[in-house]
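**Student:** Residue numbers (my numbering), protein chains in the order written: chain A, 28 to 276; chain B, 4 to 119; chain C, 72 to 148; chain D, 257 to 867.
None of these hints come from the bench; they were simulated from the model.
Virtual Cβ for every residue (Gly too), placed ideally from N, Cα, C.
Wrong hints could be hidden among the right ones.
[Said to hold, decoys possible] Here are the simulated distance ranges between beta carbons:
{"hint": "1", "chain 1": "A", "residue 1": "F62", "chain 2": "D", "residue 2": "P292", "range": "51 to 61 Å"}
{"hint": "2", "chain 1": "A", "residue 1": "Q231", "chain 2": "C", "residue 2": "L108", "range": "28 to 38 Å"}
{"hint": "3", "chain 1": "D", "residue 1": "A838", "chain 2": "B", "residue 2": "G107", "range": "16 to 26 Å"}
{"hint": "4", "chain 1": "D", "residue 1": "W675", "chain 2": "A", "residue 2": "S75", "range": "55 to 65 Å"}
{"hint": "5", "chain 1": "B", "residue 1": "R54", "chain 2": "D", "residue 2": "P467", "range": "25 to 35 Å"}
{"hint": "6", "chain 1": "D", "residue 1": "V289", "chain 2": "A", "residue 2": "E131", "range": "41 to 51 Å"}
{"hint": "7", "chain 1": "A", "residue 1": "V215", "chain 2": "D", "residue 2": "V289", "range": "27 to 37 Å"}
{"hint": "8", "chain 1": "D", "residue 1": "A769", "chain 2": "A", "residue 2": "F62", "range": "20 to 30 Å"}
{"hint": "9", "chain 1": "D", "residue 1": "P467", "chain 2": "C", "residue 2": "L108", "range": "38 to 48 Å"}
{"hint": "10", "chain 1": "D", "residue 1": "V289", "chain 2": "A", "residue 2": "T119", "range": "19 to 29 Å"}
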Amino acid sequence: MSRRARLMLFLAGGGGLCALLLLGVADLPPFGGSFHPYRTHAVAAAVSHATSNVVSSVNFDQRGLDTLGEESILLASVIGAATLLRPAKDETERAALGGGRTLESTRFLGYLMMPVTLVIGFDVIAHGHVTPGGGFQGGVVVGTGIHLLYVAGNYPALQRARPLRAFEWGEAIGAGAFACVGLAGIAVAGAFLADMIPTGTFGQLFSGGTVPLLNGAVGVEVASGTAVLLAKFLEQAIMIRPGPGRGRR
Amino acid sequence: MSVYAYVVSVWLLLVGAFGIVRSRNLIHAVLCLSVSQSGTYVLLLAIGYQRGASPPVFGEPATKPTFRVVDPVVQAMTLTDVVVSATVTALLLALAVQIHKRNGTLDPDELRNLQG
Amino acid sequence: MTVLAAIMLTLAGLGGTAVVLTGQPARQALAVSAYGLVLAVLFMVLQAPDVALSQIAVGTAVVPLMVMLAIRKVERG
Amino acid sequence: MPVFDTGVAWLPPVALTIPILLSAAVLVGYRRVRRPVVDAVATAGAACVVAVTAALLARSSEGRVVTWSAGWAPSHGFSVGIVLVSDPVGDGIALTAAVLVTLALVFSWRYVESAEGHFHTLVLLFLAGMEGFALTGDLFDMFVFFELMGAAAYALTGMKVEDVGSLQGGMNFGIMNSLGAYMALMGVGFLYARTGNLGLPQLGEVLDHQPRSTLVVAAFVMLMAGFLVKGAMAPFHFWLADAHAVAPAPVCVLFSGVMVPLGVYAAFRVYWVVFSHQLAPGDIRRTFVVMGAVTAVVGSVMCLTSRNFKRLLAYSTIAHVGLFLSALGYLTAAGTAGALLYVAGHAGVKSALFLIGGVMLARYGSVDEIDLHGRGRDTRVMKWLAVAGGLGLACLPPFGTALGKAISEDAGVSAGYPWAPALFVVVSALTGGAVLRATGRIYFGMGPRQEGAERPDQTSGSREERDTRPLRRVPVTMLAPIVVLLLGSLAIGVVPGVHSAAQRAAEFFVDGAAYQRQALLAAPAHVAAAHLPEWTGRGLALDFASAALAVLVAGVGLWGGVLHERLPLARLRRRPLAALRAAHSGHVGDYVAWLLVGLAVLGGFVGLPHR
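Pulled out of the complex, with its shape left as it was, chain A reads as follows (with noise of 0.2 Å):
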């Protein structure tokens, strides 16, 4: 199709599904209104379960199945991305090279902010039952934070910070630990993912039953495969030529 027919062609479709669209939305309730009836038992139910961020009640507690679906998606993402950027027959490895170019300034900034980065990523990992952040947000910061070593311009040592495998098990881990809270939860209390263990007081650090623990299940896995990805797009784009020789598998 040339691409004129092709636009012409969308903007047909586009145009029938854009009045569909807006005249749907027309019916919606007003933007910013007060009919949320999920809203109201959601709140009265992490509030039972002594879980003071009610995000991450549902997200862990009363709709954790879709949690666990989500971590699997993760799961199934990084690992489909390292198969499909690992290097292919005709590629080759070559050695990356250490510093050497970066600019003084940089390189401190980034050895400042690992450890800064880290810890906040940790901090906002743990607290994800009681402050806004939780597992998520927290492991993605830590799996970045790893690679501020990059910025820093040393690669070598960020190799051996990062240790690949490890990050595989990591992720796996957490998956599974995840998997294995949910199966606990039929033996001990007769529904998959059920909140088994004593809910704590409501806002204080140990408190939620058991939406910490699969909190720092998620947080291990998010913080494993964001570092696990960027490690990946790193190889690409520093490493693999083309080249004769059998590639790595």
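For this one, chain A is given, so just place chains B, C and D on it according to the hints.
**Tutor:** The following block gives chains B, C and D in isolation, referenced to the frame of chain A:
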């Protein structure tokens, strides 16, 4: 104003699709896909918004729970959605990198491996 | 509050359009990052700090980083 | 308030957790153990899921099994949790998925060699996605598991990173499915805003008591975008041929056998439970019957004109999905029962054929019918298995496909579509005939040898990367799954009781109100008695007719070259054919444009009469 947020979300969905249709670069197409998806974030959060309500997080130490908070359920859904977006984008970018390696181009108009 | 929401919604609409209209690969990572930031602010305005946090982490850092690396790989081989 | 559930309510979550747990285990261990151990663990895991879903199916045929995840059963008429509702149709699909994954993994023992542990991880996560999608009764949960299937599937499609087609196929698949999924999520948002609920039974209950509105029409159309892109309805089907033709053969088995039918399943599941009171049945019937017929015709024509064996099979999947869509679209229990039997029979036959294609690629390094002329003559078993597969696809009794087709035809006639039998016969004859033609050429050396002049506008499959080292002989682990699949398809037509079970399952499926009552109020299920006859004289006659026609089609394809050039008819139809083929361009921008056109048309069909 009462439907403006929804109209923006519809706009984002369609403009992203438009971007894919006229894209000359698959990396760009993948980003357009994520723009389409951001329409769903805007829609979901707009649905859950309530004027004058506070975030559904009571903090540490906790403030007194109230029902006058914005809808936490759509926020949980959007969180899942953000994760999905990031991971699918990563996957598709990986595919794009490999496609470029094998074809020397990312222009869909020039990729001719799957016709008929 | 409503005015702020309206402004951020408009910015989000424009930002998404900008990403779509950015043709040159070199600018795409930047456009995505900026758009991610606009969305994060919008989410704050809509009282969704959890979502805003993950949007900042993902939308302004990880995804643009991956895009940058992918583009670098594609351009330099 | 977790309550101790007696009975089998724990089975559905376990069915979807086993593969997740095992995929994690494979990922941790695969570098430390030898390959056969990984194979054994993954296959055993899938076999466990077979056992769990079979147990579930045995239970749910007496009444739906309702599970409230995390124990959040409704209190004061509202639940904040996710409900899993497994009825015989959902369980049947879950079981089919588990069986196909098990067989695909057995086939892969000696087949897939690159990306070792990662392949198993991805296949298991794919299985988890299918189980979750089939068993859940929650709309947002459906979106999550839809995406899980997707993420694993895109990666599996593009796994052969040396193959240009495979990468582009994965990309097209990924963009189309994701876009469809995001549109579906918008539909979920619309319904949530309207009702404040996400569970299917709750949504249905609320909507049943609300006046009709355009918002609900828009929500329905957006949901269909997700489900019917996956279900490959024309004009959303383009990605399918790209992805199926290039993915490793065992993965194609899962795509064609169960993932695509799952999309159709979801479309009708939400229709029956959520929308059946809001949308006029007449409009829905017309929409699906027409679109199904168009899909079936497009698929079978493209199938007939393909020379790439795997792409040919992919197009035949599109054609058959069109038939399933029509049969379900009659909106009767009989049509649904016919579709169920047809889907099950088709899963066996089509999967076997894809595996035969995989063996072909492994042995000869090509799947191009013209290229491989006579190459398979020395095989002793494989050629007859291919013939059996072709005849099964053409609905030769007593294959399950034939039984499903006969019942669907009758249902079509009683729903007021006297042309339905003609459509079913022609489509199954064309697709079966195409397979028989390719089989005749490749395995029996029939027809004149053509010099392999490749046309630029066609994907021949002669350059596809192998999945494995060239094989000298076919190992038993590759042969056995093919035989089992074909026997399974036969069993569906032959074993007494399957037919009446399908009818009962269909009665459950089309009773949305009972679904709501049983999920929300724990009302006992009403099990309907089977009343449709099994094999009828007319059904058998039409089945034999389609099989005979298929042989004729194959014969014309093999020897009719001369005839083909002389007939004025052939010249007449060349131009539309070229246009149809040009539409299947492999260009993702085209596909997105078609998606929007399709949705606009769908919106017109469903929404206009209603306004």
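**Student:** Against each hint, give a clear statement of whether it holds in the structure.
**Tutor:** Do the hints match the structure? See the list:
1. A:F62 to D:P292: 51 to 61 Å: About 58 Å separates the Cβ atoms of F62 (chain A) and P292 (chain D), which means 51 to 61 Å holds.
2. A:Q231 to C:L108: 28 to 38 Å: 33 Å Cβ-Cβ, so the 28 to 38 Å window holds.
3. D:A838 to B:G107: 16 to 26 Å: 24 Å, holds
4. D:W675 to A:S75: 55 to 65 Å: Holds, at about 59 Å.
5. B:R54 to D:P467: 25 to 35 Å: 27 Å Cβ-Cβ, so the 25 to 35 Å window holds.
6. D:V289 to A:E131: 41 to 51 Å: 47 Å, holds
7. A:V215 to D:V289: 27 to 37 Å: This hint holds: roughly 31 Å between Cβ atoms.
8. D:A769 to A:F62: 20 to 30 Å: 26 Å, holds
9. D:P467 to C:L108: 38 to 48 Å: With Cβ atoms ~42 Å apart, the hint holds.
10. D:V289 to A:T119: 19 to 29 Å: Hint holds: Cβ distance 28 Å, inside 19 to 29 Å.
This entry satisfies every hint, going by the numbered hints stated previously.
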